[in-house]
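Undergrad: Each chain, written out:
2 protein chains.
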Amino acid sequence: MKTPNKAGKPRQALDQVSELTTNRLSVYLRCLNALEDAGVLTVSSQSLAEQFHLNAAQIRKDLAYFGEFGVRGVGYYVGDLKRHLRQILGLDRKLRVAIMGAGNLGLALADYPGFRQEGFEIAALFDNLSAKVGQRSRGGVPIHDIHDLKKIARRDGISIAVIAVPAPSAQHVVALVVASGIRAVLNFSPGTLEVPDDVKLKSVDLTVSLESLSFFLAQCEGDEK
Amino acid sequence: MKTPNKAGKPRQALDQVSELTTNRLSVYLRCLNALEDAGVLTVSSQSLAEQFHLNAAQIRKDLAYFGEFGVRGVGYYVGDLKRHLRQILGLDRKLRVAIMGAGNLGLALADYPGFRQEGFEIAALFDNLSAKVGQRSRGGVPIHDIHDLKKIARRDGISIAVIAVPAPSAQHVVALVVASGIRAVLNFSPGTLEVPDDVKLKSVDLTVSLESLSFFLAQCEGDEK
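Here the protein sequences come in this chain order: H and L.
The first sequence maps to residues 1 to 225 in our numbering.
The second sequence maps to residues 1001 to 1225 in our numbering.
These are computed hints drawn from the structure, not numbers from a lab.
Nothing here was measured: the structure is a model prediction, and the numbers come from that model.
There could be a bad hint or two in this list.
Said to hold, decoys possible - Result set (DSS-like, lysine-lysine): computed pairs, CA atoms no more than 27 Å apart in a straight line:
1. Lys1061/L with Lys202/H
2. Lys1202/L with Lys61/H
3. Lys1202/L with Lys82/H
4. Lys202/H with Lys1151/L
5. Lys1200/L with Lys1150/L
To be verified - To be clear about the criterion: a stretch of chain H counts as covered by chain L if any three or more of its residues have a C-beta under 8 Å from a C-beta of chain L, and this derived list gives those stretches:
6. 35-49
7. 52-63
8. 177-186
9. 206-218
As the list claims (entries may be wrong) - Every beta carbon over 10 Å from chain L, so not counted as near; a handful from chain H, in silico:
10. Gly79
11. Gly134
12. Gly140
13. Glu194
14. Pro196
15. Lys202
The C-beta atom is built at its ideal place from N, Cα and C for all residues, glycine as well.
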């Protein structure tokens, strides 16, 4: 089995790996975690697809893009493939995350168990309310004054900021985040935000999920008519 | 311009509309809202694609699936297309949502402004802590005892449940939701949940979003080496 040969791919091609592909890699990683927990050592793309309702050809295509991970007659070694996927996704080092806004959403995200599991460390919460500054989330994440963002982001090596402030403050807070040198932003605030070209912004729109359930219910009602 | 002819499509074909398609329809709807707010009356698929970084061919394909909405030489009428999309997504009636768990996440979701905007009504929160029952979220959503779920779900006509309880309680709570007759579930709890075939379960994995940022950062670091 070869190691993933990122250097062998032209940089431009790698840049074009779509967000949909990285999302699928995340899903494969989640599946491999489950298999490893169940003591499974090897798995074929076919079996992976069947167990987790995925597409076998798509799995092979996605993985082939990053190197040759499969072994003829065996499939994939679960532990090896998991390690490679973590490396591709940049999860082979601890990434420190700051959450902007210590309201209900910020506090909920600070203690969200899934983040820690994949190696993200929620290092700090930031707020502008003096009553909150100096407190901690239930899980122990300290709440800092947003004016100290730049200092603490450098000191703690924070590389990702999560925006969990009300929409009217979001653009102002993003500007502070960018000024502090953080280059990756996950936005939970509704509405669009502007960032410079060298900053990656990803927005989570929770309404989209509810609308897909609404579509399902509308179809069911159509059936019953 | 014809009205969307759902009846003209075989039911089986409509059932296979992928979640990715409905997610894109949600995104188009969000774009049309922005255009309407800006006073724009008509838009071509090309211009829609350019303004919102979408794919024009994909837009035409997605919309053509549900009917003929475009007008030669004009493009789409923003208001008409918006109304059609809302109808396709089942947003032309108010859907009532219950949130299971009045912790930080549940309270944050109860007051999430995006839901209300698209016609979802967060009608109730449910918890099992007597100290919380009888209270309200900051936005005024009442917190009920989870033992009253069945009664209140029927009384208030609740059709979607959001799972915002800690992972160890999630499967138990989903069973209560299903027993109360709710057929659509949005799950924020990490880990897999089981529901009967006639219940639609959609899980939001917040870790996937962070991992796509991690991938971006790993690529940047590769560039700098």
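Undergrad: Taking the hints in turn, state whether each one holds.
TA: Each hint tested on the structure:
1. Lys1061/L with Lys202/H: This hinted pair holds, its Cα atoms lying about 26 Å apart.
2. Lys1202/L with Lys61/H: 26 Å, holds
3. Lys1202/L with Lys82/H: Status holds; Cα separation ~25 Å.
4. Lys202/H with Lys1151/L: Violated - the C-alpha atoms of lysine 1151/L and lysine 202/H are around 40 Å apart, more than 27 Å.
5. Lys1200/L with Lys1150/L: With a Cα-Cα distance of about 18 Å, the restraint between lysine 1200/L and lysine 1150/L holds, given a limit of 27 Å.
6. 35-49: As far as the region 35-49 of chain H goes, the hint is violated, because 0 residues have Cβ atoms under 8 Å from chain L.
7. 52-63: violated (count 0)
8. 177-186: holds (count 4)
9. 206-218: holds (count 13)
10. Gly79: The claim stands: glycine 79/H keeps its Cβ more than 10 Å from every Cβ of chain L (closest is about 19 Å).
11. Gly134: 19 Å, holds
12. Gly140: 14 Å, holds
13. Glu194: It holds; glutamate 194/H is separated from chain L by about 13 Å at its closest Cβ, greater than 10 Å.
14. Pro196: 13 Å, holds
15. Lys202: 6 Å, violated
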